[in-house]
Amino acid sequence: MLDVAVVRFPGSNCDFDALRAAERVGANGYFVWHRENHLRGADVVLLPGGFSYGDYLRSGAIARFSPVMQAGRRHAEAGGPVLGICNGFQILCEAHLLPGALMRNAGLTFVSKPVDVIVERADTPFTSAYEANERLRLPVAHGDGRFVATDDTLRELEAESRVVLRYVAASEASPYQPNPNGSANHIAGICNPAGNVVGIMPHPERAADPLLGLGDGAGFFTSFSKATVR
Amino acid sequence: MNFRVHVRVMPRTGLLDPQGQAVEHALAALGFGEADDVRVGRAIELHVAAPTRAEAEARTRQMCDKLLANPVTEDYLLQVEES
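Sequence order for the protein chains is A and B.
Converting from the first sequence to my numbering requires adding 513 to each position, the first position being numbered 1.
Converting from the second sequence to my numbering requires adding 2 to each position, the first position being numbered 1.
A couple of the hints might just be wrong.
[As the list claims (entries may be wrong)] Computed list of chain B residues with no C-beta within reach of chain A, every gap over 10 Å:
no. : residue
1   : ASN4
2   : PRO13
3   : VAL74
[To be verified] Selected chain A positions facing chain B (Cβ under 7 Å, derived; list incomplete):
no. : residue
4   : ARG571
5   : ALA614
6   : MET616
7   : ARG617
8   : ALA619
9   : LEU621
Simulated from the structure, these hints should not be mistaken for lab results.
As the structure is a prediction and not an experimental result, all values here were calculated from the model.
Note that the Cβ used here is the ideal one computed from N, Cα and C, for glycine as well.
Pulled out of the complex, with its shape left as it was, chain A reads as follows (with noise of 0.2 Å):
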């Protein structure tokens, strides 16, 4: 059976939701302390949403020196999947694993609703469920979710097609404003170069049951049991 480890730090408030929706997909789900040094032999690894002790300096800025992320950056490097969820996306840039930064939305405002983005990569661990450029509607609630970068990175993402999810285009019918933050690039997510780890601001896990309203994000969940089932 796939072991799902999704870690909690003071603060995480998605773990519950995040649990949920591997425990969906018939997975082994458990939770990691943050204070734990290791993954119990975790396939995959999720870094839940919230607010990380308190989003104190920076959001995720804290939580990258935590012990269970050493573990978890073993893991990755590794080639482990690891899906980073809104402050799991800050995380993952803190500490590096991803590239760039999540700075404060540009309309300052913490903006919790529905959005349209299209999927870009659907070859890595949590998206091969989906078509490439498949469009889903899902939920983003976040205050530092511009991402940003320097001009350098965001070439190299666009030009290795690093770009995971995407906020649709202005001109494309949504009934959603097309970018809630003001990032570059309208980018809603990123991977790594091998493409095992994935960091995204909008959450799945909200949208992975019917009975919630939204079901586009089961597929986050579904990826990976069939991609890494042993």
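Following the hints, complete the assembly by docking chain B onto the known chain A.
Quick look at chain B alone, frame taken from chain A:
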């Protein structure tokens, strides 16, 4: 020796600073239209024990590079004084 180090962390020039813009607009609304190019950063103060001022500054630079500032988005300035 003990040193008091003042660290000023600022959003990198050229990056959108929405907080600075919001403060600038608020100042204009209060009649301070002459205020321009407002930027909002963060100040951190700490005591550092080190044999020399240069060593205190070097160690604090390492702290900034590793934690206190984000090298992607922020620049920092140090001011070291004996305490």
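Double-check ALA619 of chain A for me: the hint is only fine if its C-beta lies closer than 7 Å to a C-beta in chain B.
-> Hint holds; ALA619 of chain A Cβ to chain B Cβ min 5 Å, cut 7 Å.
Closer than 7 Å between Cβ atoms is the bar; does ARG617 of chain A clear it against chain B? Give me holds or violated.
-> 6 Å, holds
PRO13 of chain B clear of chain A by more than 10 Å, beta carbon to beta carbon?
-> At about 8 Å from chain A, PRO13 of chain B fails to clear the 10 Å cut-off, so the statement is violated.
With a cut-off of 7 Å, does the beta carbon of ALA614 of chain A approach a beta carbon of chain B closely enough for the hint to hold?
-> Given a least distance of 4 Å, the restraint on ALA614 of chain A holds.
Under 7 Å, Cβ to Cβ, is where ARG571 of chain A needs to be relative to chain B, so tell me if that hint holds or is violated.
-> 6 Å, holds
Taking the minimum C-beta separation from VAL74 of chain B to chain A, is that value above 10 Å?
-> Violated, since 4 Å does not exceed 10 Å.
Hey, does the MET616 of chain A contact hint survive, CB to chain B under 7 Å?
-> 6 Å, holds
Can we confirm that no CB of chain A comes within 10 Å of the CB of ASN4 of chain B?
-> Given that every Cβ of chain A is farther than 10 Å from that of ASN4 of chain B, nearest at about 24 Å, it holds.
Status of the LEU621 of chain A interface restraint (C-beta, 7 Å, chain B) = 5 Å, holds
In this structure, the earlier hints numbered 2 and 3 are contradicted, and the remaining ones agree with it.
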